[in-house]
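These protein sequence lines are chains R and F, in that order.
Straight run, no breaks: the first sequence in our numbering ends on number 1068.
Straight run, no breaks: the second sequence in our numbering ends on number 188.
Worth flagging that the hints you see were computed from the coordinates, not collected in a lab.
Only true hints are included.
In silico DSSO-like cross-links for lysine-lysine, where the CA-CA straight-line distance does not exceed 27 Å:
{"id": "1", "chain 1": "F", "residue 1": "K51", "chain 2": "R", "residue 2": "K1007"}
{"id": "2", "chain 1": "R", "residue 1": "K994", "chain 2": "R", "residue 2": "K936"}
{"id": "3", "chain 1": "R", "residue 1": "K1007", "chain 2": "R", "residue 2": "K989"}
{"id": "4", "chain 1": "F", "residue 1": "K51", "chain 2": "R", "residue 2": "K1063"}
{"id": "5", "chain 1": "F", "residue 1": "K57", "chain 2": "R", "residue 2": "K1063"}
{"id": "6", "chain 1": "R", "residue 1": "K994", "chain 2": "R", "residue 2": "K1007"}
{"id": "7", "chain 1": "F", "residue 1": "K98", "chain 2": "R", "residue 2": "K964"}
{"id": "8", "chain 1": "R", "residue 1": "K1007", "chain 2": "F", "residue 2": "K57"}
{"id": "9", "chain 1": "F", "residue 1": "K57", "chain 2": "R", "residue 2": "K933"}
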Amino acid sequence: MKFIKFFLVGILFGIVMSKAEIISWFRIYEMFKFQSFHMYGIIGSAILLGMISMFLFKKKMVKTFKGEEIYVTPKKEGLSRNLLGGILFGLGWALAGACPGPMFVLIGKGVVSILVVIFGATLGAFFYGLYKDKLPH
Amino acid sequence: MDFILQPWEWYVAGPILSFIMFLLYYFGERFGVSSNLETFCSIGGAGKFVNYFKIDWRENLWNLIFIAGSIAGGFIASNYLTTTDAVAINPQTIKDLADIGIMNAGQSYLPDEIFSVDTMLTLKGFSILIIAGFLVGFGARWAGGCTSGHAIVGLSNLELASLIAVIGFFIGGLVMTWLILPLIL
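Looking at chain R on its own, in the form it has when it is part of the complex (with noise of 0.2 Å):
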């Protein structure tokens, strides 16, 4: 039961994504154009909220449910990780027009070849895991 709660984050998490048009391989295209505010004031909005959250969770001001505190876990510092991983992200994003969440809500909407695109995506992060040691950070 108690993961009940996170069954209905994720049903509202795939209905703003579909309803706002994020799992649209087209809205991703013309955001790389700059050629629309949509997906630029989705991330932009969510983001200057967030601060908000974040600034309450340091605070102490808003715990958990249970009454513990809330971290936040820093993101692993280092050029070469965030900005070579970064890139070859983005090359998939813009190629696939899908991040990781929306993938998975794509699979909702019943289109078969994102499974292909998950396939590749797991495939990836176990070439990263094995090759991880080779790779600069």
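Starting from the known structure of chain R, arrange chain F on it as the hints suggest.
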């Protein structure tokens, strides 16, 4: 009800996404979708080959449930909450796409030239899908996050690492959109 059936504007979607992030932290977890790809590897037995995947994937079960919910949400939205599949993209975008061989842009969520089952069953079509996925998965795990973990959480938290990663996302995305897509489509 009509409001729900129309496409949602950015100022509706952005705050809801931010609220989703808030809820996941309030429930004692975090917001990050791409780590599920590593969990898939662990469940599939990748820990036998690579120590990196030797984790107790049950600890990430909540996140698998979250993406299961997102699949259900996609199903609900497309079957019950949407009256048209058209996406109102910029007319200039439609022209640009026609120039590189993507027809009927915006008449559905995805271009048939990449996502139709017929395209998927060709060698070129299948390769494009798998390479696109591979780049997303490899890149996201190398960078330690994707649009959710880096762009939304990391930038909200004012982290330099995430700023660098998001700059990387855009370098890659712009190179693909402006230089590579016209060559391969």
